[in-house]
Amino acid sequence: MNRLKNSPLALTILAAVIALAFSAAVTSIVLSLSGFNPPSTFQAMIEFGLEPDSVVNIVNRASTYYLAAVAVAIGFRMGLFNIGVDGQYRLAAMLAAAVGGAVALPPVLHQAVIILVAMLVGALWAGIAGLLKVTRGVSEVIATIMLNFIATGIIAYLLQNGRLGTQVAGSDNIGTEPIASSGRVGGIPYPGADLKIFGLVLLAVAMGVAFHIVVERTRFGFDLRATGLSPSAAVASGVDAKRMVVVAMLLSGAAAGLIGMPQLLGSSYSYGLDFPSGLGFVGIGIALLGRNKPVGIVFAALLWSFLDQSSQILEFNEIPKEIVAITQAAVLLSVVVVYEVVRRLGLRWQQQAVAAELADRDPSPKEVAA
Amino acid sequence: MRRGLRISLVTLTGAALTLAASACGGKKATTGGDAGDGKKTVKVGLAYDIGGRGDKSFNDAAYAGLQKVKSTLNLEVKDIEATKGESDNDKVQRLELLAKSGYNPVIAVGFAYAGPLGKVAKNHPNTKFAIVDDSSVTGPNVTNLVFAEEQGSFLVGAAAALKSKTGKIGFIGGVDTPLIKKFEAGYTAGAKHAKPDIKIDVKYISRGTDTSGFSDPAKGKTIAEGQYDGGADVIYHAAGLSGVGLFQAAAAKKKYAIGVDSDQYQTAEAAQKPLIITSMLKRVDTAVFEFVKAAGEGTAKSGPVTFDLKNDGVGYSTANAAEIKDVQAKLDEYKQQIISGAITVPTK
Chain S
11 MNRLKNSPLA LTILAAVIAL AFSAAVTSIV LSLSGFNPPS TFQAMIEFGL EPDSVVNIVN
71 RASTYYLAAV AVAIGFRMGL FNIGVDGQYR LAAMLAAAVG GAVALPPVLH QAVIILVAML
131 VGALWAGIAG LLKVTRGVSE VIATIMLNFI ATGIIAYLLQ NGRLGTQVAG SDNIGTEPIA
191 SSGRVGGIPY PGADLKIFGL VLLAVAMGVA FHIVVERTRF GFDLRATGLS PSAAVASGVD
251 AKRMVVVAML LSGAAAGLIG MPQLLGSSYS YGLDFPSGLG FVGIGIALLG RNKPVGIVFA
311 ALLWSFLDQS SQILEFNEIP KEIVAITQAA VLLSVVVVYE VVRRLGLRWQ QQAVAAELAD
371 RDPSPKEVAA
Chain F
1142 MRRGLRISLV TLTGAALTLA ASACGGKKAT TGGDAGDGKK TVKVGLAYDI GGRGDKSFND
1202 AAYAGLQKVK STLNLEVKDI EATKGESDND KVQRLELLAK SGYNPVIAVG FAYAGPLGKV
1262 AKNHPNTKFA IVDDSSVTGP NVTNLVFAEE QGSFLVGAAA ALKSKTGKIG FIGGVDTPLI
1322 KKFEAGYTAG AKHAKPDIKI DVKYISRGTD TSGFSDPAKG KTIAEGQYDG GADVIYHAAG
1382 LSGVGLFQAA AAKKKYAIGV DSDQYQTAEA AQKPLIITSM LKRVDTAVFE FVKAAGEGTA
1442 KSGPVTFDLK NDGVGYSTAN AAEIKDVQAK LDEYKQQIIS GAITVPTK
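First to last, the protein sequences are chains S and F. According to our numbering, the residues represented by the first sequence are 11 to 380, in order. According to our numbering, the residues represented by the second sequence are 1142 to 1489, in order.
Just so you know, these hints were derived from the structure itself, not from any lab. Even glycine gets a Cβ: it sits at the ideal position worked out from N, Cα and C. Any given hint could be a false lead.
Listed next, the stretches of chain S that the computed footprint assigns to chain F, with coverage defined by at least 3 CB atoms under 8 Å from CB atoms of chain F [to be verified]:
1. 65 to 73
2. 127 to 139
3. 166 to 179
4. 229 to 236
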């Protein structure tokens, strides 16, 4: 018991378990009220989610969710709300796809160029919001939301026949010139599955490690966290707040640029009308769920991805797949509440522990003073 | 210790709730992998793109076809929708799930399924597949159901021009994709053919990858009001569910509107009905039904099957007889000219 009291990790896990149990209960109630059998529904979801092809899809989806959540978390850690991750990754993926389709380069270099272009575009697009904030005092929330709309407009303008778009004969889709095989990233086979795991899942792993090192182990990361916890204290201790805002937005945007890469280089090879959208907003929820921590986000992304994936089997069984949206909302809501409750409990335990220790060590301080 | 107990109580309560809820019973779910009993009944699977049922236009037409399959041919049917923000691998798995569970034929609605369908069709050579609105994916077991939307749009464009008193008509597209531009091209050509000096106000609700324009009746209404105020007195929409907004605006301003894909006169509200001159019919329902029938009889052909004016795969509705009858002779004349090749309708 005492060990649990004093370990923040154990408290975090406890909170997550409570939140999961709570959301499972909420989902069960909704399912029962709608006339479905909760255990068999959960069983179907889990069985379907563990099929080899499902595992591949879950991992692939989680890798993009992870990148999206990290991009959001970089901003969150210093108190910046980058709501524009969605526009940043879409614009980045589109321009990177166009560049990748236009150039002929040897393998490795080709992929590197595409990824760098994506990071650059994402960083610049987010940087606009950062600059506006430090020079004109525009809230980054407003600026990034507006930039999302502008990005949509730019993509729509460029994705036309005669501009960056081409149309395959007989298809109503329109997309950028497909990237040649030298610029693609092969998949990792998974036993028993027809589909392959995106090679760039490793990029997400690398991103997680980099995020951890930069934020937790460098001077820059310390400044970043300090600014997030108390901007005025950070400024007082010599942190250049304006510079931090711009740099954090650039980093967040560069990370956002990577979101579309696993899909683009691993499966689509072209940015078309059917390219996944809305991942940036999913990333916000996952970053919150993962407490903006590199490892926490891994679990959050996998959970989210699993729920999205298994929702497919629900519709197959005539169960509305919106049930999964209820589960996700319940998880998110309960995590926020439960973490806060557990944090306060932890704090109280800590105080009691300290008080007890002080009482043991120094039984009668007042008498000494007198 | 006491607080620890309280927390475990909370957990327990949660678990108890789960158990209690589970005892309530209800429908049992399965994981789908029961290909074994697929032989007993013919099962027809249909997968929509994002949006799905309820648009009163394109997807509902596919659904109507599926319902006809169910009632007329007495087959088991299943339709599944796409999830927002999904990738092509999710579409692969959806089609794979249908094929693996013994659904045959399987129909994919929308061009976004082209790539995924190509992959899945190869894995299931004995399953018949069809895709609506795409002829880029090919295979020995793939039928492409494509439509000459421009021909039907040409006729309703002519109808709009002939019915207009102000000399100005409108077009509202959902999203400026190549598909919707085909509607616009035919409509414009038809209107200009009937009345060379007609003015056409063309607006799209959303652009490019932003597909919200197909499901935004409020914006559809605003744009329609703007076009009516600008002098247009007939507006044609190719905007899915957003078209509902056009009909609301038409009823409010007492101006004409033209529906799309399904015969929207049938589903409109009473106040709107007299104002819906006609609808451009894109018979996705017929296409779906005929394909399933042919697949059942073993006569489904691979490759593109085009639905145009000649085989009544597209056309215009005459349900609102009071409004359409004075121009019907003219429209049928154009129709014959298009069928005979005397008029060629542009697609861009």
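Determine which of the earlier numbered hints do not hold for this structure and return their numbers in increasing order. 2 and 4
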